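Q: Next come the chains, spelled out residue by residue.
2 protein chains.
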Amino acid sequence: METIKIKEEFLNQAVMLSRGAEVLPGGIEELAIKLQKSKEENKPLRIKLGMDPSRPDLHLGHTVVLRKIKQFQDFGHKIILIVGGATAMIGDPSGKSDTRPSLTKEQVDSNAKTYFEQISKVIDVNKAEICNNADWLYNLTFPDMLKLASKITVAQLMTRDDFAKRYAENKPIAVHEFFYPLMQAYDSVVIDADIELGGTDQRFNTLLGREIQSAYGKKYPQMVMLLPLLEGTDGIVKMSKSFPEHCISLTDSPKDMYGKLMSISDGLIVKYFALLTDISNEELNSIEEKLKTENPRDLKMKLAFTITEMYCGRTAAKEAEENFVKVVQNKEIPDDIPEIKITEDITLIDFISNFDKSLSRSDIKRLAASGALKINSEKQTNPAYLITNSMIPVIVQYGKRKYIKGV
Amino acid sequence: METIKIKEEFLNQAVMLSRGAEVLPGGIEELAIKLQKSKEENKPLRIKLGMDPSRPDLHLGHTVVLRKIKQFQDFGHKIILIVGGATAMIGDPSGKSDTRPSLTKEQVDSNAKTYFEQISKVIDVNKAEICNNADWLYNLTFPDMLKLASKITVAQLMTRDDFAKRYAENKPIAVHEFFYPLMQAYDSVVIDADIELGGTDQRFNTLLGREIQSAYGKKYPQMVMLLPLLEGTDGIVKMSKSFPEHCISLTDSPKDMYGKLMSISDGLIVKYFALLTDISNEELNSIEEKLKTENPRDLKMKLAFTITEMYCGRTAAKEAEENFVKVVQNKEIPDDIPEIKITEDITLIDFISNFDKSLSRSDIKRLAASGALKINSEKQTNPAYLITNSMIPVIVQYGKRKYIKGV
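As you go down the protein sequences, you meet chains A and W in turn.
Positions 754 to 1160 (our numbering) are the ones given, in order, by the first sequence.
Positions 754 to 1160 (our numbering) are the ones given, in order, by the second sequence.
If we strip away everything but chain A, and leave its shape as in the complex, we get (with noise of 0.2 Å):
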């Protein structure tokens, strides 16, 4: 690390964009001498995010790392989005692999567009410097490859941790896998990257871009900025679409983004404030205070209606909260149920998949086995439970909030 005086601004901000992340390597002052040069010598820093476009759909899990980009545009740098879209449109060449799918040009078009609209809902887009790296890696000649290749040993590449997890458990790697890490590296080559950022577990590739960076000659090779996964309302595994009851997405109904935040268990609420929102430090110290004495519920209602504001507006964030208010709280079943007419005996699974599209219906017999499912407020378990129209009108409540009216 160099010699160098900084300036308490500079010290400020990078405490600021450091918050609950791990900044690599030499931590917060190298950070802060970073953004001083910058600005001395009137050059934002670039800063790199890689996204995968075979999965555009984002929730709140991604946006820890997006605000922190938009941290970075609003203290006037410029942000690069990268879609990788060589990685998409190659697939997996070895086709053992059914989670890597190979994307056409037009389908990785198509998703980089719905990932963009969805993004816009934290960055300016317009500012951003958006490009695709099939554009670069598919003009790259069988020399730049080797070239490329040549700059990273086996060795090393064998301390990813997957990596080294499989070779120890005898599990076949293709050699093809090495190029992955290689090809992210190599983006931030081209694009030039300062600064990268990326969840914890982009650890080594983060860190690998830094070296391939030195490799091809850049003297002050990028730092890492590395996020925490945030988890899903359960509070255990990483927030992912694979388990959407626990999935918060940015383009879930005010209702469901807020009824699905006052459902997180009470110890995420500070690393929720934290990640998810911008209040200050000092509030954020406040509200650890606060959980040690008051009710945890008034907290998480600021939580779920300062995010739900975020991304639906204030209108609308109000109407979620005083939905929450007299259904979950008071236990009242709202108003506004969607009527279906039952013109035959109909299974409740059936009942219920052929309203709600977004289930598959082992989702509803997940949640049925779960407890999830209610007829007129009582519990049933079996999903081949048979609705007749002797019943009628009933009502059928499926996870928390949602119901329908059997007419």
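Any given hint might turn out to be false.
Put simply, identical chains are the same to the list, so a pair is met inside one copy or across any two.
Claimed, not checked - When the alpha-carbon atoms are kept at most 25 Å apart in a straight line, the in silico DMTMM-like pairs for lysine to aspartate or glutamate are as follows: (1) Lys858 x Asp897; (2) Lys918 x Glu782; (3) Lys900 x Asp862; (4) Lys1053 x Glu1042; (5) Lys1045 x Asp987; (6) Lys900 x Asp888; (7) Lys994 x Asp1088; (8) Lys1158 x Asp1116; (9) Lys1118 x Glu964; (10) Lys924 x Glu964; (11) Lys900 x Glu859.
Rather than coming from a laboratory, the hints here were simulated on the basis of the structure.
In this text, all values refer to a predicted model and were calculated from it rather than measured experimentally.
Position chain W relative to chain A; hints supplied.
A: Okay, now just chain W, sitting in the frame of chain A:
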């Protein structure tokens, strides 16, 4: 292996072709089936041999494989000679190795020309297909490369001896090194090889060629024939230009070739006959028998004459034999020693070095240390020994068969 009736003719061919070779997988029988099918379908087999254009000078060690190739050619099969231009032109992109300098296209072409001139002493180059793998490897796109790399796992590559050893010893293996065997293997796909020949040190690479062909959908992937590495005249290490005293080049003078062959250790006689000459298996057995009772010198003279005749013609071989008998066996100094005028005092090393540019000063020092320098038939171990005018005429001998007369 298929159940197929193998005809005597092809079994005999297979036996002949397999002399001295390891045939993988399936051995002689599978080779016989391949030969028979080729005949039945009137489709000559495609026999692959790769060459390293960074080392264009051929010695007898190289002819072991080339002679085998020639046998296939004589049976009507197609020889495909691949100049490894891609590798040679890339060199070592990590820049760490002195042994993999990168060559220009011109150097590759010029080396290939020298190489083909020399191998035309063994095979009919005009009937062979000659190609340069730069022509296809340089055209590989990024997805092509990933596809190729996806066909093999890290663990498989790690079974290659040198990789395994270096990994175990914590010595770095750069990722691009994985591509060298893959490139060679991919060559087999492109040229659609049925059989690849190589030295036993090429076991991994050639078998990888077979595997990659399968992965790319070839129904009957290539068989592999591995030929032993020929020891140099000392019978200890592999014949190589790095040990010129024990290396017999195809461009050696008939006298040198004959003389060096006479210097081989007795244990090599049968192996040299088997791998370097056309004698029948019956003759070979008879030589083995004779070695038990007769003076090996006579058999060595037969060997030396046979091989010298092959590469230099009958007359030159005859002269070389006569010279050998005169100089070495009868310890006479030959008649035709080059004469050098000595105008002022000169050290022994300068005297030899000025005359014979093929030897470096350290070569000469090594000869001195090993007692191979003589002045007027007396050993002189000091290379700085001063030859003065008063000694004229003086005969300097270096190595076993080289003389200069100072006059």
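Q: It remains to establish, for every hint, whether it holds in the given structure.
A: The hints, checked one at a time:
1. Lys858 x Asp897: For lysine 858 and aspartate 897, both the intra-copy (23 Å) and inter-copy (17 Å) Cα distances are at most 25 Å.
2. Lys918 x Glu782: Neither way: lysine 918 and glutamate 782 sit 34 Å apart in one copy and 43 Å across, limit 25 Å.
3. Lys900 x Asp862: For lysine 900 and aspartate 862, only the inter-copy Cα distance (23 Å) is at most 25 Å; the intra-copy one is 30 Å.
4. Lys1053 x Glu1042: Within one copy, since 14 Å is at most 25 Å while 98 Å is not.
5. Lys1045 x Asp987: within (21 Å within a copy, 86 Å between copies)
6. Lys900 x Asp888: both (19 Å within a copy, 19 Å between copies)
7. Lys994 x Asp1088: The answer is neither: 29 Å in one copy and 93 Å across copies each exceed 25 Å.
8. Lys1158 x Asp1116: within (20 Å within a copy, 99 Å between copies)
9. Lys1118 x Glu964: neither (49 Å within a copy, 46 Å between copies)
10. Lys924 x Glu964: Between copies, since 19 Å is at most 25 Å while 27 Å is not.
11. Lys900 x Glu859: between (31 Å within a copy, 22 Å between copies)
In summary, the structure is inconsistent with hints 2, 7, 9 from the numbered list given earlier, while agreeing with the others.
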